[in-house]
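Following the hints, put chain B in place on chain A, whose structure we already have.
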Amino acid sequence: MSTTTIAATPPVPKVETPFQRFVSEFAASRIALFGLVLFLAIVVIAVLAPWIAPQDPYDLAQLDIMDGRMEPGTVGGAGFTYWLGTDDQGRDMLSGIMYGLRISLMVGAGSAIIACLVGASLGMLAAYAGGRTDSLIMRLVDLQLSFPAILAALMILAFLGKGILNVVFALVIVEWAYYARTVRGSALVERRREYIEAAQCLALPTRRIIFRHLLPNCLPPLIVVGTMQVARAIALEATLSFLGLGVPITEPSLGLLISNGYEYMLSGKYWISFYPGIALLVTIVSINLVGDQLRDVLNPRLKR
Amino acid sequence: MTAFLLRRLIQAAAVVLVMSLLVFLGVFAVGDPIEILISPEADQFERERAVKALGLDLPLWQQYLVFLGNALRGDLGRSFVFNEPALKLILERMPATLELAIGATVAALIIGLPLGLYAGLKPNSPVSKGIMATSILGFSLPTFWVGLMLIMVFAVQLGWLPSTGRGETVTILGMRWSFLTSDGIAHLIMPALNLALFKISLVIRLTRAGVRETMLMDYVKFARAKGLSPARVTFVHVFKNILIPVVTVVGLEFGGTIAFSVVTESVFAWPGMGKLIIDSINVLDRPVMVAYLMMIVLLFITINLVVDITYSLLDPRVRLEGKQ
Numbered sequence: 001m002s003t004t005t006i007a008a009t010p011p012v013p014k015v016e017t018p019f020q021r022f023v024s025e026f027a028a029s030r031i032a033l034f035g036l037v038l039f040l041a042i043v044v045i046a047v048l049a050p051w052i053a054p055q056d057p058y059d060l061a062q063l064d065i066m067d068g069r070m071e072p073g074t075v076g077g078a079g080f081t082y083w084l085g086t087d088d089q090g091r092d093m094l095s096g097i098m099y100g101l102r103i104s105l106m107v108g109a110g111s112a113i114i115a116c117l118v119g120a121s122l123g124m125l126a127a128y129a130g131g132r133t134d135s136l137i138m139r140l141v142d143l144q145l146s147f148p149a150i151l152a153a154l155m156i157l158a159f160l161g162k163g164i165l166n167v168v169f170a171l172v173i174v175e176w177a178y179y180a181r182t183v184r185g186s187a188l189v190e191r192r193r194e195y196i197e198a199a200q201c202l203a204l205p206t207r208r209i210i211f212r213h214l215l216p217n218c219l220p221p222l223i224v225v226g227t228m229q230v231a232r233a234i235a236l237e238a239t240l241s242f243l244g245l246g247v248p249i250t251e252p253s254l255g256l257l258i259s260n261g262y263e264y265m266l267s268g269k270y271w272i273s274f275y276p277g278i279a280l281l282v283t284i285v286s287i288n289l290v291g292d293q294l295r296d297v298l299n300p301r302l303k304r
Numbered sequence: 001m002t003a004f005l006l007r008r009l010i011q012a013a014a015v016v017l018v019m020s021l022l023v024f025l026g027v028f029a030v031g032d033p034i035e036i037l038i039s040p041e042a043d044q045f046e047r048e049r050a051v052k053a054l055g056l057d058l059p060l061w062q063q064y065l066v067f068l069g070n071a072l073r074g075d076l077g078r079s080f081v082f083n084e085p086a087l088k089l090i091l092e093r094m095p096a097t098l099e100l101a102i103g104a105t106v107a108a109l110i111i112g113l114p115l116g117l118y119a120g121l122k123p124n125s126p127v128s129k130g131i132m133a134t135s136i137l138g139f140s141l142p143t144f145w146v147g148l149m150l151i152m153v154f155a156v157q158l159g160w161l162p163s164t165g166r167g168e169t170v171t172i173l174g175m176r177w178s179f180l181t182s183d184g185i186a187h188l189i190m191p192a193l194n195l196a197l198f199k200i201s202l203v204i205r206l207t208r209a210g211v212r213e214t215m216l217m218d219y220v221k222f223a224r225a226k227g228l229s230p231a232r233v234t235f236v237h238v239f240k241n242i243l244i245p246v247v248t249v250v251g252l253e254f255g256g257t258i259a260f261s262v263v264t265e266s267v268f269a270w271p272g273m274g275k276l277i278i279d280s281i282n283v284l285d286r287p288v289m290v291a292y293l294m295m296i297v298l299l300f301i302t303i304n305l306v307v308d309i310t311y312s313l314l315d316p317r318v319r320l321e322g323k324q
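Residue numbers (the working numbering), protein chains in the order written: chain A, 1 to 304; chain B, 1 to 324.
No lab work stands behind these hints: they were computed from the structure.
Note that the structure is predicted; figures quoted are calculated from it, not measured.
Heads up, some of the hints might be wrong.
Covered by chain B, according to a simulated footprint, are these stretches of chain A (three or more residues, beta-carbon under 8 Å) [to be verified]:
| no. | segment |
| --- | --- |
| 1 | 140–153 |
| 2 | 199–208 |
| 3 | 272–286 |
Using N, Cα and C, we set each Cβ at its ideal position, and we do this for glycine too.
This is chain A alone, in the form it adopts within the complex (with noise of 0.2 Å):
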């Protein structure tokens, strides 16, 4: 990482590479590639839903009303078995989560993405220019970060109404705020290291002194907070959507499917809502415990 030596000087043979030697620190702890693995397990199934779900949701012909409401380990009308039971239109709840996945996890990925590259720009921006600039940018963080993520995202949701594109975008209000105050707290180190100066010396224009020399070395502390940041977003993706502001019903997520069990579940008919939510839960705890294990390994506070 920052051990990178002034350019002049050719690069010393390593037996190991820094990238093998993070990929060996973070295969420490077995938790975290527990979590890595589980959560590479629910990206495929979420991209392969189409493919391997036992049933269509959205293809009405696929569908039997008449197969509404059944318990996990029925057997329906056709001769097919809903093992994680069937919602009240009679769709398998198991299909229903493999394409719900899809759309958390798009919903909370996309988010995140444009949320840094948002977010670093402004905190680049202000870490670099300094002055008004940097004083500018860094209220409109303060005043983001006082208001919980939850408040915010209901008043942009209450103005814009339902949809994918919409609760994206709330989120990337959200989040930007945090991206932007990592990565300007880290570009105010790296700035004064002697490789920027270096780079300056060589009179390298300010962009390529940004992106080729700065940016890269901001890099560890910017991944640690997207992660962290991705599982927020799936989970606050899934609250609005429960509460009938998020996605349409046309494109139901994980939290628009719990959404729809919350009637049932007074009459006992616990399944609709139960195993949404246990997808909900195992994809944001996995991504957590890699999260945490990439903190630590990239905290260059906590080796020396």
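Structure of chain B alone, referenced to chain A:
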């Protein structure tokens, strides 16, 4: 100090003004209230009369100025749905939300402090490791889903606690409270625990970290060397000192708890401000949305202001920073 205070106050007022504009514009952008409020069968004359009565015929900036002027007088408009002052509706429901938030805070302290204390005193015991693992779960579990599961287990399967509502209430000082009747308390337990979930984890972690730090302090070593009983060292010397940072953080979190009660209130049909705002968003009851958002903005700006002033009293560096 006066200059600092004045600067902070002006900043807070500016933020309130900007937020009021944003809220007003934002809410105005949501659909057309005429379509929702006036029945489609109404004739032209009736429509016009209703539009005039609601002030929807004025240009946007005039509507904003009227809104701002009225807001300063404590009038945030009348609810389209209830035909009552929006502020009154919100204030009526505030005790329910406050009760829930206070209940959650108390629950977080009652449950979190002993667990955190134990985990801090015996960091290597399997029970402590279990407590810490559970606290990670507390951060990861989606609140609304836990609420549903609580209803499923304790209300539907076991039938121990009522699933929704507030139960019997007692009127004190013109406000209805449910924590004074046994039926009310039965209704309060699950929502309060649900809202407390995240805070319990937070309190456990803070307490544990505090205990581990304090145990290494010289005065604790001295107290032990003096031959005091472990119970006295723990509760008088250690516990008292960790209580300050824990209570500070929990106090700061109070605003967040009120914000998050939106979710818990929706799950348990708790008739507070949060449920009101979700219902109002669904029927596009603009005045109530505006009034709620303005109240929340005001609440948070006040909390932040109080925190800033308290910090500046405790740490002069904060105050002097702006002068350089």
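Consistency of the hints with the structure:
1. 140–153: holds (count 6)
2. 199–208: violated (count 0)
3. 272–286: holds (count 7)
The earlier numbered hint that this structure contradicts is number 2, and it is the only one.
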